[in-house]
Amino acid sequence: MPTTERQPRVTIKDVARTAGVHFTTVSLALRHHPSIPASTRERIEAEAKRIGYTPNPIFGALTHFRVHGRVRATPPRVAYLVNHQIDSLPHEKAFWQGAREQAEMLGYDLELISVSQGHHDSKSLARYLRGQNITGIIIAGFEPGLSELKLDWDDYAIVKINSLHMEPEATSVSNDQRQDVRIAFREMLARGYRRIGLAVGRADEESTQFRHTAGYLIERTSITCCNHIPELLFPLQPTSAEVSALIGPWVKKHKIDAVLCNWSSIRDLLADAGLRVPDDVACACLCLQEENPQVAGIYPNLHMVGIKAVSLLTSQLRQGSHGVAEFASSTYVRSRWQDGASAPFKTAAVAVSA
Amino acid sequence: MNRRTNIGLKKYPTMNDVAAAVGVHATTVSLALRSHPSIPLATRTRILNAVREIGYIRDPMLDAFNYHRCCMHTSKQSPSIAFVADANSSPFFGGLSYHPLVYEGVRAVADPQHLSLEVFSLGTNGLTPSRLNTILTSRGITGILLSTFTQKTKDLELDWGNFSAVKIESHHLLPQIDVVSNDQCQAARLCMRKLRQLGYRRIGLATALDDESRLQDNFSTGLLVEQAEMPADEGVPPLLFKRTDVTEIAAHLAAWVKDQKVDVIMTNWSEFFRQAAWSTAEGIRLPTSPPLHIPRDVAFASLDAPTDRPQVAGIVQNHRLVGMRAMEHLDVLVKTYQRGAPSNPSGTYVPGYWRDGETVPRKATRR
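Residue numbers (our numbering), protein chains in the order written: chain X, 38 to 391; chain S, 4 to 370.
Hints listed in this document are in silico derivations from the structure and should not be mistaken for laboratory results. Only a predicted model underlies this, so the values are computations on that prediction, with no experimental measurement involved. There could be a bad hint or two in this list.
What the hints assert, rightly or not - Simulated pairs of lysine-lysine, DSBU-like, Cα-Cα distance not exceeding 35 Å: (1) 130(X) - 338(S); (2) 187(X) - 197(S); (3) 245(S) - 197(S); (4) 383(X) - 197(S).
One chain only, chain X, in its complex shape:
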């Protein structure tokens, strides 16, 4: 049964009909067979382009299989695009690892490509992707303020990991930052903390449409408004020293007793600001990378985010859907809470000091 969502694919027979030739002629012409006059070939090529015919890779593969007894010369490739070095960023690395494993499982070759200074710009990237016959891309964790991307989106099946501050509108995947903040806030409240502050990067907020902020604002409605604390947004691409210099005065000024922060080094950042954890201030990390008894917080499944990104991309490729999504859906993977020394129960601390 035809659905309105899936346009029937334009086939070689459609080209033949509109060009007024037999479909085998079209096939030969598109392969530049010498038996087809150049003028006919050009006419057919123009017609194919006009009505949007592209060879169907599935049937291409099958034909290849029939002739050669093997399907795949090289596995089809998809690109994983980043605009900064991911080696130094454990959460970006976890996305990538999940994506790579899933691609391997599904038989795709996933290539990590950097779109940043000294690497590809949009123009050379488009050329490269075309040359490599790559039609599926994952725009993974593009950071606001760094290199941007401008491709002819219609040529690609697209999935994003975060990167919501930039075009195109596309299916996106991430960890559930809003729910993460909500869980962390409630856990801190249950431990007796009352002045809970949120400190996150501006880049992380812009690229997620303020999902940490959203979680914080809604949880805050459950407490008295004299304990509402303005959130701290780090500037774009801050250094650790800059963050420490901001976080110390913010904690002191607002008499914060618990900090929620998405940097995994939050404990060290507070220490660098001259604050003792948990004596002066407690903290919970919103994006823990590895089991660490010293730090309480949210343990997201970033691997799963990468896995889902590839699954969504390959299902788009399979269905032949390309370009900007009219209604791009977003998928968020839930995380779990992890206890740690940085956020003890407050009553216990009081009992010890008394």
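Since the structure of chain X is already known, use the hints to place chain S on it.
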């Protein structure tokens, strides 16, 4: 290059090679790779090791072809998907226990793949969860879509380990499994931005408390995020009401509009004007005393603009697309044997879009 040189070259490894190496049948390899529950873990591990050693990888081209083929031909035995609805929710969907547009979207994905759908309405004709469990098990149905459930149904006791399931909307319903829903937070945010563009400054959100807990407070969250960007004196506190008699709610609504100087009501409730007809002269009259006229006294933007009321401006929710996404997601879970509650459940949100209407005229600029 001479084509003939290819002949005689070793072909790339297939499932048969893996099967031969491990000493099992090729179909066992296939099942093991899809984590089928009938294959013991030890066997699966052995097979996966052999897969890695031999270098077998799935062929995405054949996979795509298979998908294509499944859409072209009816299989002899078409698997069923259970569409489980909640009889409690029927008052919200005009007597049906599910949203007709959601169901239509589900069908749009299921039909081309020849998946048949069976609707089960819990709570009618003595259909209890345990009875449902028996029916599904005996019919070999493993895929379940849980349609919009009301707050009254807190959890559903089935042998979840035997089923792949996706929830539609009902975030509150236990167990915690993957859920697909309209993006209510985006709906509220987009609606507020449109209203501000149209000149409104006192935007009031009115919604039912139980809607909010069912939908993870998403309307309020959207409101708060937008209010954070607005001048502080323009933030109207939302009206969160208990689900009682419509006239009683309307009375609260009228008082709140007056006290807070609300210039536009933003709500997911259409019940306010279900009975009242649209008249060109006076718009809609809300059943309050004194009556509140829309849009003369206050403008009205719906967060779930009804299709049968084109005068009503607001956000049109993509219920059909929600159904489609849910069915697509379930299909993957069923085919990869992902049964039971996942350790990290996910939520998928489908955005809505703005629709102009007479209930929200452009506001004359104050000067």
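- prompt: Of the hints stated earlier, which fail here?
  reply: Violated hint: only 4; rest satisfied.
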